[in-house]
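Protein chains: 2
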Amino acid sequence: MARRTVVIVGAGFGGLAAAKALKHANVDVVLIDRTNHHLFQPLLYQVATAALSPADIATASRTLLRGQANATVLMGEVVAVDAAAKVVRCADGKAIAYDWLILATGAAYSFFGHPEWAQEAQVLKTLDDALDIRARLLGAFERAELSGDPAEARKLTTFVVVGAGPTGVETAGTIAEMARMTLRRDFRRIDPTQARVILFEAGPRVLGAFTEPLSAYAKKALEELGVDVRTDTMVEQISDGVVQAGGEIIEAGAVLWSAGVAARPAAAWLGAEAARNGAVVVGPDCAVAGVENVFAIGDVASYAMNGAPLPGLAPVAKQQGDWVGRLIRARLEGRPDPVPFRYKDWGTMAVIGRSRAVAMLGGLRMTGLLAWLAWSMVHLMLLIDFRSRLIVYVNWTWAWFTKGRGARLLTRLP
Amino acid sequence: MARRTVVIVGAGFGGLAAAKALKHANVDVVLIDRTNHHLFQPLLYQVATAALSPADIATASRTLLRGQANATVLMGEVVAVDAAAKVVRCADGKAIAYDWLILATGAAYSFFGHPEWAQEAQVLKTLDDALDIRARLLGAFERAELSGDPAEARKLTTFVVVGAGPTGVETAGTIAEMARMTLRRDFRRIDPTQARVILFEAGPRVLGAFTEPLSAYAKKALEELGVDVRTDTMVEQISDGVVQAGGEIIEAGAVLWSAGVAARPAAAWLGAEAARNGAVVVGPDCAVAGVENVFAIGDVASYAMNGAPLPGLAPVAKQQGDWVGRLIRARLEGRPDPVPFRYKDWGTMAVIGRSRAVAMLGGLRMTGLLAWLAWSMVHLMLLIDFRSRLIVYVNWTWAWFTKGRGARLLTRLP
Numbered sequence: 018m019a020r021r022t023v024v025i026v027g028a029g030f031g032g033l034a035a036a037k038a039l040k041h042a043n044v045d046v047v048l049i050d051r052t053n054h055h056l057f058q059p060l061l062y063q064v065a066t067a068a069l070s071p072a073d074i075a076t077a078s079r080t081l082l083r084g085q086a087n088a089t090v091l092m093g094e095v096v097a098v099d100a101a102a103k104v105v106r107c108a109d110g111k112a113i114a115y116d117w118l119i120l121a122t123g124a125a126y127s128f129f130g131h132p133e134w135a136q137e138a139q140v141l142k143t144l145d146d147a148l149d150i151r152a153r154l155l156g157a158f159e160r161a162e163l164s165g166d167p168a169e170a171r172k173l174t175t176f177v178v179v180g181a182g183p184t185g186v187e188t189a190g191t192i193a194e195m196a197r198m199t200l201r202r203d204f205r206r207i208d209p210t211q212a213r214v215i216l217f218e219a220g221p222r223v224l225g226a227f228t229e230p231l232s233a234y235a236k237k238a239l240e241e242l243g244v245d246v247r248t249d250t251m252v253e254q255i256s257d258g259v260v261q262a263g264g265e266i267i268e269a270g271a272v273l274w275s276a277g278v279a280a281r282p283a284a285a286w287l288g289a290e291a292a293r294n295g296a297v298v299v300g301p302d303c304a305v306a307g308v309e310n311v312f313a314i315g316d317v318a319s320y321a322m323n324g325a326p327l328p329g330l331a332p333v334a335k336q337q338g339d340w341v342g343r344l345i346r347a348r349l350e351g352r353p354d355p356v357p358f359r360y361k362d363w364g365t366m367a368v369i370g371r372s373r374a375v376a377m378l379g380g381l382r383m384t385g386l387l388a389w390l391a392w393s394m395v396h397l398m399l400l401i402d403f404r405s406r407l408i409v410y411v412n413w414t415w416a417w418f419t420k421g422r423g424a425r426l427l428t429r430l431p
Numbered sequence: 018m019a020r021r022t023v024v025i026v027g028a029g030f031g032g033l034a035a036a037k038a039l040k041h042a043n044v045d046v047v048l049i050d051r052t053n054h055h056l057f058q059p060l061l062y063q064v065a066t067a068a069l070s071p072a073d074i075a076t077a078s079r080t081l082l083r084g085q086a087n088a089t090v091l092m093g094e095v096v097a098v099d100a101a102a103k104v105v106r107c108a109d110g111k112a113i114a115y116d117w118l119i120l121a122t123g124a125a126y127s128f129f130g131h132p133e134w135a136q137e138a139q140v141l142k143t144l145d146d147a148l149d150i151r152a153r154l155l156g157a158f159e160r161a162e163l164s165g166d167p168a169e170a171r172k173l174t175t176f177v178v179v180g181a182g183p184t185g186v187e188t189a190g191t192i193a194e195m196a197r198m199t200l201r202r203d204f205r206r207i208d209p210t211q212a213r214v215i216l217f218e219a220g221p222r223v224l225g226a227f228t229e230p231l232s233a234y235a236k237k238a239l240e241e242l243g244v245d246v247r248t249d250t251m252v253e254q255i256s257d258g259v260v261q262a263g264g265e266i267i268e269a270g271a272v273l274w275s276a277g278v279a280a281r282p283a284a285a286w287l288g289a290e291a292a293r294n295g296a297v298v299v300g301p302d303c304a305v306a307g308v309e310n311v312f313a314i315g316d317v318a319s320y321a322m323n324g325a326p327l328p329g330l331a332p333v334a335k336q337q338g339d340w341v342g343r344l345i346r347a348r349l350e351g352r353p354d355p356v357p358f359r360y361k362d363w364g365t366m367a368v369i370g371r372s373r374a375v376a377m378l379g380g381l382r383m384t385g386l387l388a389w390l391a392w393s394m395v396h397l398m399l400l401i402d403f404r405s406r407l408i409v410y411v412n413w414t415w416a417w418f419t420k421g422r423g424a425r426l427l428t429r430l431p
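Protein chains in written order, with the working numbering: chain Y, 18 to 431; chain W, 18 to 431.
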């Protein structure tokens with residue numbers, strides 16, 4: 018019988034875990050991703066705020082799977098799935114046949130019915146996004162210094178962040194910290210500590226998925242860092258760097274968007290049932306109903322546990338990927354299915370600046386330095402290879418002691 | 018009397034050394050550069066071949082001068098000098114007045130009367146150049162793997178390097194090493210070790226500035242790495258990835274240019290005497306004749322010692338910058354000029370792959386591991402701040418032991 022093929026689309030936490038779980042299976046594994054690397058997204062905001070370099074949080078997928086003889090890594094963009102023919106189609110026309118298909122393409126941002134805002138506001142999803150944001154932030158201070166005009170400088174160094182989930186909170190907090198602490202001595206004509214950071218949130222609390230006391234703690238930490246927090250405020254308009262929200266008009270040097278997550282169009286590819294945010298609805302075994310041998314994991318999937326969808330977190334994707342890999346292997350080998358998938362909660366954390374954080378783990382609630390240490394440990398363990406851990410550790414330690422921004426490179430004014 | 022201003026154009030080895038030498042002078046120092054960082058160019062080829070990351074070899078100029086109260090750093094592009102009005106003009110129209118001017122703008126590449134080749138071949142001068150080359154190299158292997166067609170793969174992974182000075186030799190050697198060693202296990206459909214690297218040199222020897230035995234050693238080391246070395250061969254045409262040289266037609270996946278260095282147009286800005294390669298002719302004190310209080314240092318200057326111009330090396334720029342800074346300070350303070358400038362030769366080195374190198378220091382000639390160690394030490398000492406040294410050391414050690422390519426990131430196929 019011909020050797021069969023598992024095609025995995027997406028080299029994030031889910032896709033990579035599934036590939037690795039199939040290491041010893043008698044099957045060919047083809048991993049397709051739009052980039053050539055696995056990206057550690059939880060730390061992407063640190064690349065965007067010039068604390069870490071891209072290579073600190075990303076590793077070539079080939080490097081990660083070089084020791085796995087049955088794994089082929091391809092760099093390509095999947096645009097369609099022909100479930101009847103059991104083939105995925107790439108943007109360049111190539112078709113790749115599968116016996117099993119695992120979709121792990123993750124999520125993207127949505128703009129609440131204002132797709133034109135994608136040109137106005139920057140999202141943080143890929144390394145290119147992070148480098149664009151970094152260039153915009155650093156460039157704002159450079160232009161301000163060149164101009165030497167206080168009014169111009171103030172406008173240039175006004176930064177708006179939309180959406181107070183973990184990403185928005187982490188980003189807003191570190192921009193404020195960068196302006197008030199890191200850059201303080203670096204400029205002569207302007208005072209970088211006069212930069213403004215405004216965080217808009219449509220809901221009543223920052224970190225709405227956390228408990229109320231943790232939300233309140235995070236809000237206070239943000240304000241102590243100098244962030245202007247505006248909850249219960251929806252953004253009405255963004256145009257040419259001008260943000261209209263809560264009845265106010267703000268001229269901003271950069272607008273960062275971290276509200277409104279929507280899943281990538283895998284459900285549309287399959288003609289399958291989609292959840293409200295576009296995610297593919299899957300069964301308890303991560304399988305997509307109505308198509309044969311197709312699974313969806315991670316942020317692209319809507320997996321219900323105890324009546325509610327699992328959150329879009331890295332440990333969810335990783336555990337699902339590993340489980341589905343083991344399931345496919347068991348079926349190939351004629352063994353019984355593994356124990357039904359059960360998500361083990363590693364906790365939810367968000368960090369605000371250098372030493373403030375909030376964390377929830379089961380019934381535990383942590384704030385401050387303890388939460389920050391827990392956050393650091395979990396993230397270091399999640400980092401996929403030893404070299405990244407060592408490098409990130411060195412860079413963090415250096416940044417901690419020197420309050421520095423290690424990766425502040427700008428090749429031209431954007 | 019109003020405080021006077023020294024304007025320094027260029028934040029390379031020369032410009033930064035001059036700025037630092039003026040730290041305690043009673044003068045304002047304005048350092049202008051097109052980018053926001055100081056770049057360690059000798060290691061740029063390692064970013065281009067994905068061994069190091071940009072942040073490993075570049076540091077924000079503001080960070081380097083943050084502790085120097087009299088230094089202002091501006092990010093801008095100088096396009097003209099009005100020596101009568103004592104003003105430099107930037108691309109955006111800004112004019113910056115000086116009492117003393119130090120030009121340290123370095124060199125660029127020339128294409129021997131074929132400016133159209135600038136679209137065909139990539140040079141290695143800035144971080145952007147290095148990242149473009151890296152994308153081109155990595156992308157070539159990715160496209161080859163996607164195609165799966167041996168003939169297509171061979172064409173894609175044929176790399177041509179023009180110019181066998183240190184940069185060309187170092188680059189060609191590491192590309193060959195990357196293909197034969199680092200990437201060997203990473204691909205399934207193609208054999209990366211079948212990649213071709215061809216190094217063209219118009220002159221009779223590689224590393225023409227070195228002695229004949231060292232040239233011969235380098236050529237042998239290159240050939241052992243699998244580089245096809247073609248001396249006495251001029252490139253006649255480059256068009257659409259097709260290189261015509263020595264009567265042969267070669268279809269290449271990437272063409273890298275490291276022949277023909279020409280200085281940036283500072284001489285034209287000043288209307289001053291230029292050497293054959295465009296460099297500004299300066300006197301023994303690095304001053305430009307015919308204009309008041311203007312100095313030129315490093316690769317942009319042609320400084321004659323013992324009848325021949327000093328080479329375009331980092332230690333030359335650094336020593337000249339430091340000396341001119343001290344000269345200006347002495348004149349400001351009414352003290353005698355420092356002892357006349359005398360270049361101290363730190364040696365010339367070139368590295369070929371992981372453990373081969375050639376070095377000349379005074380009368381000493383070194384090859385092999387000894388030269389490589391000397392090269393490593395000198396470069397580590399030249400690296401401008403401690404953090405870079407530590408990070409580069411960790412990355413080098415890791416790369417050495419794992420024969421890996423630490424910074425192999427590609428966000429989209431170029």
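In case anyone wonders, no lab produced these hints; they're calculated from the structure. Fair warning: this is a prediction, and the values are worked out from it, not measured in the lab. Careful: at least some of the hints might be erroneous.
Copies of the same chain look alike in the list, so a pair counts if it fits in one copy or across any two.
[Unchecked claim] DMTMM-like, lysine to aspartate or glutamate: derived pairs with alpha carbons at most 25 Å apart: (1) LYS111 with ASP203; (2) LYS40 with ASP203; (3) LYS111 with ASP166; (4) LYS40 with GLU290; (5) LYS172 with GLU137; (6) LYS103 with ASP166.
Here's how the hints hold up against the structure:
| no. | hint | in the structure |
| --- | --- | --- |
| 1 | LYS111 with ASP203 | between (51 Å within a copy, 21 Å between copies) |
| 2 | LYS40 with ASP203 | between (50 Å within a copy, 15 Å between copies) |
| 3 | LYS111 with ASP166 | between (54 Å within a copy, 13 Å between copies) |
| 4 | LYS40 with GLU290 | neither (31 Å within a copy, 67 Å between copies) |
| 5 | LYS172 with GLU137 | within (16 Å within a copy, 41 Å between copies) |
| 6 | LYS103 with ASP166 | between (62 Å within a copy, 23 Å between copies) |
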